[in-house]
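Peer 1: Starting from the structure of chain A, add chain B with the ligands where the hints point.
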Amino acid sequence: MTRSKTSAGVLTWGTIPKRVPSILQDLPIIFAGFALFYALLSMTHYWLAPANAETAIQLRVSALPKYAMFSVLRIAIAYLFSLAFTLVYGYIAAYNARAEKFMIPLLDTLQSIPVLSFLPGVMLSMVALFPTRQLGVELGSILLIFTGQVWNMTFSFYSSLKNIPREMREVAQVYRWSWWQRFTQMELPYAAIGLVWNSMMSVAGGWFFLMACEMFILGNRDLRLPGLGSYLQTAANAGDTRAIVWGLSVMIGIIVLIDQLIWRPVIAWSEKFKFEQVESVESPHSFVLDFLQRSKILPFLARVAVRPVRECLSLYFANRQAAASQNRKPGAIGKWISRALLGAMLAGVAYAFVKMIILLVGLTRAELHGIFVGAGATLLRVAFTLVLAGLWTIPAGVIVGLRPKLSAIAQPLAQIAASVPATALFPIILLVLIRAGGGLGIGSIVLLLLGTQWYILFNVIAGAMAIPTDLKEVCNVFRFNKLERWRELYLPGIFPYLVTGFVTASGGAWNASIIAEYFRFKGHTYTVTGLGSVISDATDTGNYRVLIGATILMAMMVVTINRLLWRRLYALAATRFKLEG
Amino acid sequence: MTPPMAERLQELISQGKWEPAFELLRELKPAAAADLIMTMRFEEQQLLFRQLPIPLAASIINHLPYFHAYVLLHSRPVQEMAAIVEAMKQAERDHFLDALPEEAWTSLMDELAEAGSATEPPAVQTPETGREKEVAARPAADEKPIIEARGIEKSFTQKDGSEIQVIAPVDLSLESGTIIALLGPSGSGKSTLLRILSGLAAPTAGKVLWHGEPVGECSPNVAIVFQSFALFPWLTVLENVESPLLARGMEHEERHRRALKALDSVGLKNFETAYPKELSGGMKQRVGFARALAVEPEVLFMDEPFSALDVLTAENLRGDLMELWLAKKIPTRSIFIVTHNIEEAVLLADRVIVLGRNPARIRADFRIALPQPRDRKSAAFFPYVDYIYKVMTKPELTLAPPSATAKQPTPMLPHARPGGVAGLLELLMDRGGEEDLYHVAETLLLEVDDLLPILDAATMLGFATAHEGDVKITPPGRTFAEADIPTRKRLFREALTHVPLMQQIVTALENKSDHTMPVEFFRDLLDERLPAHDVEQQIETVLNWGRYADIFTYDSASDRLRLILAGEAANSQEAAPLH
Ligand SMILES: Nc1ncnc2c1ncn2[C@@H]1O[C@H](COP(=O)(O)OP(=O)(O)OP(=O)(O)O)[C@@H](O)[C@H]1O
Ligand SMILES: [Mg+2]
Numbered sequence: 006m007t008r009s010k011t012s013a014g015v016l017t018w019g020t021i022p023k024r025v026p027s028i029l030q031d032l033p034i035i036f037a038g039f040a041l042f043y044a045l046l047s048m049t050h051y052w053l054a055p056a057n058a059e060t061a062i063q064l065r066v067s068a069l070p071k072y073a074m075f076s077v078l079r080i081a082i083a084y085l086f087s088l089a090f091t092l093v094y095g096y097i098a099a100y101n102a103r104a105e106k107f108m109i110p111l112l113d114t115l116q117s118i119p120v121l122s123f124l125p126g127v128m129l130s131m132v133a134l135f136p137t138r139q140l141g142v143e144l145g146s147i148l149l150i151f152t153g154q155v156w157n158m159t160f161s162f163y164s165s166l167k168n169i170p171r172e173m174r175e176v177a178q179v180y181r182w183s184w185w186q187r188f189t190q191m192e193l194p195y196a197a198i199g200l201v202w203n204s205m206m207s208v209a210g211g212w213f214f215l216m217a218c219e220m221f222i223l224g225n226r227d228l229r230l231p232g233l234g235s236y237l238q239t240a241a242n243a244g245d246t247r248a249i250v251w252g253l254s255v256m257i258g259i260i261v262l263i264d265q266l267i268w269r270p271v272i273a274w275s276e277k278f279k280f281e282q283v284e285s286v287e288s289p290h291s292f293v294l295d296f297l298q299r300s301k302i303l304p305f306l307a308r309v310a311v312r313p314v315r316e317c318l319s320l321y322f323a324n325r326q327a328a329a330s331q332n333r334k335p336g337a338i339g340k341w342i343s344r345a346l347l348g349a350m351l352a353g354v355a356y357a358f359v360k361m362i363i364l365l366v367g368l369t370r371a372e373l374h375g376i377f378v379g380a381g382a383t384l385l386r387v388a389f390t391l392v393l394a395g396l397w398t399i400p401a402g403v404i405v406g407l408r409p410k411l412s413a414i415a416q417p418l419a420q421i422a423a424s425v426p427a428t429a430l431f432p433i434i435l436l437v438l439i440r441a442g443g444g445l446g447i448g449s450i451v452l453l454l455l456g457t458q459w460y461i462l463f464n465v466i467a468g469a470m471a472i473p474t475d476l477k478e479v480c481n482v483f484r485f486n487k488l489e490r491w492r493e494l495y496l497p498g499i500f501p502y503l504v505t506g507f508v509t510a511s512g513g514a515w516n517a518s519i520i521a522e523y524f525r526f527k528g529h530t531y532t533v534t535g536l537g538s539v540i541s542d543a544t545d546t547g548n549y550r551v552l553i554g555a556t557i558l559m560a561m562m563v564v565t566i567n568r569l570l571w572r573r574l575y576a577l578a579a580t581r582f583k584l585e586g
Numbered sequence: 026m027t028p029p030m031a032e033r034l035q036e037l038i039s040q041g042k043w044e045p046a047f048e049l050l051r052e053l054k055p056a057a058a059a060d061l062i063m064t065m066r067f068e069e070q071q072l073l074f075r076q077l078p079i080p081l082a083a084s085i086i087n088h089l090p091y092f093h094a095y096v097l098l099h100s101r102p103v104q105e106m107a108a109i110v111e112a113m114k115q116a117e118r119d120h121f122l123d124a125l126p127e128e129a130w131t132s133l134m135d136e137l138a139e140a141g142s143a144t145e146p147p148a149v150q151t152p153e154t155g156r157e158k159e160v161a162a163r164p165a166a167d168e169k170p171i172i173e174a175r176g177i178e179k180s181f182t183q184k185d186g187s188e189i190q191v192i193a194p195v196d197l198s199l200e201s202g203t204i205i206a207l208l209g210p211s212g213s214g215k216s217t218l219l220r221i222l223s224g225l226a227a228p229t230a231g232k233v234l235w236h237g238e239p240v241g242e243c244s245p246n247v248a249i250v251f252q253s254f255a256l257f258p259w260l261t262v263l264e265n266v267e268s269p270l271l272a273r274g275m276e277h278e279e280r281h282r283r284a285l286k287a288l289d290s291v292g293l294k295n296f297e298t299a300y301p302k303e304l305s306g307g308m309k310q311r312v313g314f315a316r317a318l319a320v321e322p323e324v325l326f327m328d329e330p331f332s333a334l335d336v337l338t339a340e341n342l343r344g345d346l347m348e349l350w351l352a353k354k355i356p357t358r359s360i361f362i363v364t365h366n367i368e369e370a371v372l373l374a375d376r377v378i379v380l381g382r383n384p385a386r387i388r389a390d391f392r393i394a395l396p397q398p399r400d401r402k403s404a405a406f407f408p409y410v411d412y413i414y415k416v417m418t419k420p421e422l423t424l425a426p427p428s429a430t431a432k433q434p435t436p437m438l439p440h441a442r443p444g445g446v447a448g449l450l451e452l453l454m455d456r457g458g459e460e461d462l463y464h465v466a467e468t469l470l471l472e473v474d475d476l477l478p479i480l481d482a483a484t485m486l487g488f489a490t491a492h493e494g495d496v497k498i499t500p501p502g503r504t505f506a507e508a509d510i511p512t513r514k515r516l517f518r519e520a521l522t523h524v525p526l527m528q529q530i531v532t533a534l535e536n537k538s539d540h541t542m543p544v545e546f547f548r549d550l551l552d553e554r555l556p557a558h559d560v561e562q563q564i565e566t567v568l569n570w571g572r573y574a575d576i577f578t579y580d581s582a583s584d585r586l587r588l589i590l591a592g593e594a595a596n597s598q599e600a601a602p603l604h
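If you read the sequences in order, they're chains A and B. Its first residue numbered 6, the first sequence is counted upward by one per residue in my numbering. Its first residue numbered 26, the second sequence is counted upward by one per residue in my numbering.
Be aware that one or more of the hints could be misleading.
What the hints assert, rightly or not - A few chain A residues that don't get close to chain B, going by computed Cβ distances all over 10 Å:
#, residue
1, Pro33
2, Ala133
3, Val176
4, Asp295
5, Ser319
6, Ala323
7, Val359
8, Leu393
9, Thr534
Unchecked claim - Listed below are the simulated BS3-like cross-link pairs for lysine-lysine, each with C-alpha atoms no more than 30 Å apart in a straight line:
#, chain 1, residue 1, chain 2, residue 2
10, A, Lys277, B, Lys286
11, B, Lys286, A, Lys279
12, A, Lys279, B, Lys302
13, B, Lys184, B, Lys169
14, B, Lys402, B, Lys353
15, B, Lys294, A, Lys279
16, A, Lys410, B, Lys302
17, B, Lys232, A, Lys340
18, B, Lys354, B, Lys402
19, B, Lys286, B, Lys302
Stated by the list, open to error - To give an idea of the chain A side of the interface with chain B (calculated C-beta under 8 Å), a few residues:
#, residue
20, Tyr180
21, Pro194
22, Lys487
These are calculated hints, taken from the structure and not from any lab test. We put the CB at the ideal spot given by N, CA and C, even for glycine.
Here chain A stands alone, though its shape is the one from the complex (with noise of 0.2 Å):
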């Protein structure tokens, strides 16, 4: 290096020391890689293991990682599938009229159906397809995951493809885009805020069912899948509340874990498909997503891998559809092809439901009894729950939402509090009740006051910080008492906001039903009356006939409260109690 060049040598030196950190700096991506190719393995492994119907749960707690592992896998195998389930379904429900005009429908009809309800049906056929391999139970519960995780992901899309702007989608027409383009550059990303709050919520309802998810009782079958919610569950059966508390320890500790990893950095990097015309002040910040987009090698592979085949990807279908608009001729083989799918579904649905009446003509007098007495019970507990949750969290969510600082406190607390799931809380506060002379008839409802009482909060605090400024300021020009106050300006500003809230909440209480009024603790099962222990008694007992009619009788009673009342309360929250701020 000569002389002349010392500023460019000052540079090139000073880049150096730099070097050597960066490295280090990408050795936790690379361990993550390594970590997750193992997991992969060993789950295959034990997937193709020989069937082995009596998996004993270990409670030491050194096989605690191994579980938390399996069940995190799990998880995350649901959530791919429901991802992928989501794509397909809300993109033809959106695009198709014709298929929307049932598709919709009947999304609405199974996201009211709880859980378990799916239970037998998904593990016979499973296992019945790979009878000799533990992968039929372990897909088996995967799907059960997958169904209680999929429908809002799915709705969530379909709504935002439908509300894609006129004008947005008028720039993909005239100048041509192909079905890639716009699928990657307009729909996904317009979609991506959506899809990304509701998968939290998804994966959030995932740890919420895990302890179903994974032990069950299925007929005169015991199974039983090496997992955290199988510990919990062996645990609280067997009262270990040692065992109890380091299972939750764990559970939560991954929560929080997962919290921090995946969400925060993909809320933080999903900001950039905010539809906004300015930028906002604060935005979400994420130092893992800091620090991924600081190391090199993700960008590295972004360059060499992603880049070219997304590249190679849009032209090959802007040519495709170059090719198309030339000769458009309307393919006769695929209108068949559909005609023929269409007319095997049906079919399919036809056969179904005359099996279905076969079934639910046997019921007898005194089964149809319990499941109406258990679906009035139900009716009240949710009402009650959902009262009593209105009566803490409107108060507080209002107090909370008025007061900015009060606000940065409180909701990142409350947002851990409600990512805990209250099933794993269960065994604890049951053991509580119970010395203290209580049952399941309290413990049903707290145990669904503490799943559902979030989204009104939630709701509640957002609707409270949206009121506009300059309201709250005229009722400081009128001097309105607090009364006042509360009648004229929070209540209709939080209007619409608490509709949300108790939507959510009440489809999530009677969802959360079946595990709250049937429980297995300490070798004993306690149950309260409750369309919820029908369907689980049911499903315990192989009484498909109950199983089927509660199931209908809990869909009919949620899609009947939703557009009786629900949608009501929307249509007025969209008309009346508009704050236009």
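Peer 2: This is chain B with the ligands only, laid out in the frame that chain A set:
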């Protein structure tokens, strides 16, 4: 004027039988012929006038209202225009020129002088070249249009299944080398027409031809610039501009190069990596332009491209666009721009089309023969602006005899507040009871679109009259403007007895024993006749008016109206409208 004669004339014109039509006009006194012409729709007037032999045109022209005369004259080539003025009788010509406003007069004089000098060279050559010269002045007329719309109509299906026609059969063609501005009141179907012409939406009937081929079967090379920019917030500026090129399967390098060139041409170099939300409104629209220009469209469509920008930014961007266009830096052969702004139309366009509403049909279609670049302070500019005002403000006056309005089941209530009407009347009083609409709008800093409903309301209530673009206060209007608030309310109430919708409501309320009705009832009533959006406006207006006039009270909690009975009127102060 005898109607049979008007019908006969129209028939002849529609069949293209010009000679008999001229004969018919020649048989009449010039004044009567002018009246006859005035019974026709403006576009028919233009059609006819373009064909009129020069002596006939010269005899009639003085008897037409001066603005019609002015614009009709301009629908002919400059030489012919000069010839017509030349052929007028001395006294008539003086009278005609006297009647013109100062600015129009100067600009006409300029043009005539120019035409005089322009005719010199051909006169030196052969006599026939005069004809050729005329053709050369309007090359577009002979060339095949790029887009041709034949009898296109558009209807939308309402929620309740009924059809509502937004666009009446329209014929239109876009020629090469022109900028066409489309004006019309809000909601008249401008955007819809633009969508149909650009191939984005299919017409319900009729067809759109692109170089003679139906648009469905070819892929027209067009681009659209939207009022809302329609940029993708998750793509960088460069990716936004590249996106249409990617759709064409263009390779990375070429794409990059073309996008950069387009960005450069709109003055956005060095912003490639920015995201749209980091840019100001004007810069965003520049990106919108760059994206449109990147595909080198043959026709550039723009839907109110400058409306979302502040005045200065819009002015800047307009200037830049015109520079690209005039210097032929872009291969675009025609620009079609929808706008609300009359001045903008006169500033940019070679041809202006004005749409009427319910359903949209072409009310006027004329050329603007001013040289570019144009100066809005120039004398020739103003007459065009004023003329467009007049076409837009005169609700079908020349199109149909007054009796025709009675045929409509319920005339729409203009969407205006009583306060606005009072304000207009007070302003008129201030100005001695009469004022030019354009000036009223200017004083109030309003666009026509905003002023029109207020004016319509004032005329509907009998407080003012509009004629030829002038507004005049009526004696009742005068009383109203001078009255105190309670008296105003009473006068307003009396005036409303002539408003059918209000009468319908009052009758319905009177006939109920408890004198209340849900608003929903009237909404349903209107739903059958009007599109949903209009229903809301009508209801809102009628509620505003009725509450102001103390005819009824409105309880928003129950969404019901309650009639104020005669005795109550005095103490119903709380029923005053909330603004
Ligand atoms: N997709 C649609 N479905 C039903 N009605 C429609 C639809 N698009 C437009 N309309 C109606 O057609 C009429 C004309 O709309 P359009 O947007 O073309 O008006 P415009 O002249 O562009 O108005 P503006 O000046 O407000 O932009 C309106 O009454 C509108 O309500
Ligand atoms: Mg428009």
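Peer 1: All the hints need checking, so say for each whether the structure fits it.
Peer 2: Hint by hint, here is what the structure shows:
1. Pro33: For Pro33 of chain A, whose nearest Cβ neighbour in chain B is about 28 Å away, the distance exceeds 10 Å, so it holds.
2. Ala133: At roughly 45 Å from the nearest Cβ of chain B, Ala133 of chain A sits farther out than 10 Å, so the non-interface label holds.
3. Val176: violated (5 Å)
4. Asp295: Per Cβ check, Asp295 of chain A is outside 10 Å of chain B; nearest 18 Å; holds.
5. Ser319: violated (6 Å)
6. Ala323: violated (4 Å)
7. Val359: holds (35 Å)
8. Leu393: Nearest chain B Cβ is 29 Å from Leu393 of chain A, so the label holds.
9. Thr534: It holds; Thr534 of chain A is separated from chain B by about 41 Å at its closest Cβ, greater than 10 Å.
10. A:Lys277 / B:Lys286: holds (26 Å)
11. B:Lys286 / A:Lys279: Holds: Lys286 of chain B and Lys279 of chain A sit about 29 Å apart, inside 30 Å.
12. A:Lys279 / B:Lys302: Satisfied, since the Cα-Cα distance of roughly 10 Å is no more than 30 Å.
13. B:Lys184 / B:Lys169: Outside the cut-off at roughly 41 Å; violated.
14. B:Lys402 / B:Lys353: With Cα atoms ~26 Å apart, Lys402 of chain B and Lys353 of chain B stay inside 30 Å; holds.
15. B:Lys294 / A:Lys279: holds (25 Å)
16. A:Lys410 / B:Lys302: holds (28 Å)
17. B:Lys232 / A:Lys340: At roughly 28 Å apart (the allowed maximum being 30 Å), Lys340 of chain A and Lys232 of chain B satisfy the hint.
18. B:Lys354 / B:Lys402: Holds, at about 27 Å.
19. B:Lys286 / B:Lys302: It holds: about 22 Å lies between the C-alpha atoms, which stays within 30 Å.
20. Tyr180: holds (4 Å)
21. Pro194: holds (4 Å)
22. Lys487: At 21 Å from the nearest chain B Cβ, Lys487 of chain A fails the 8 Å test, so the hint is violated.
The structure shown violates the earlier hints numbered 3, 5, 6, 13, 22.
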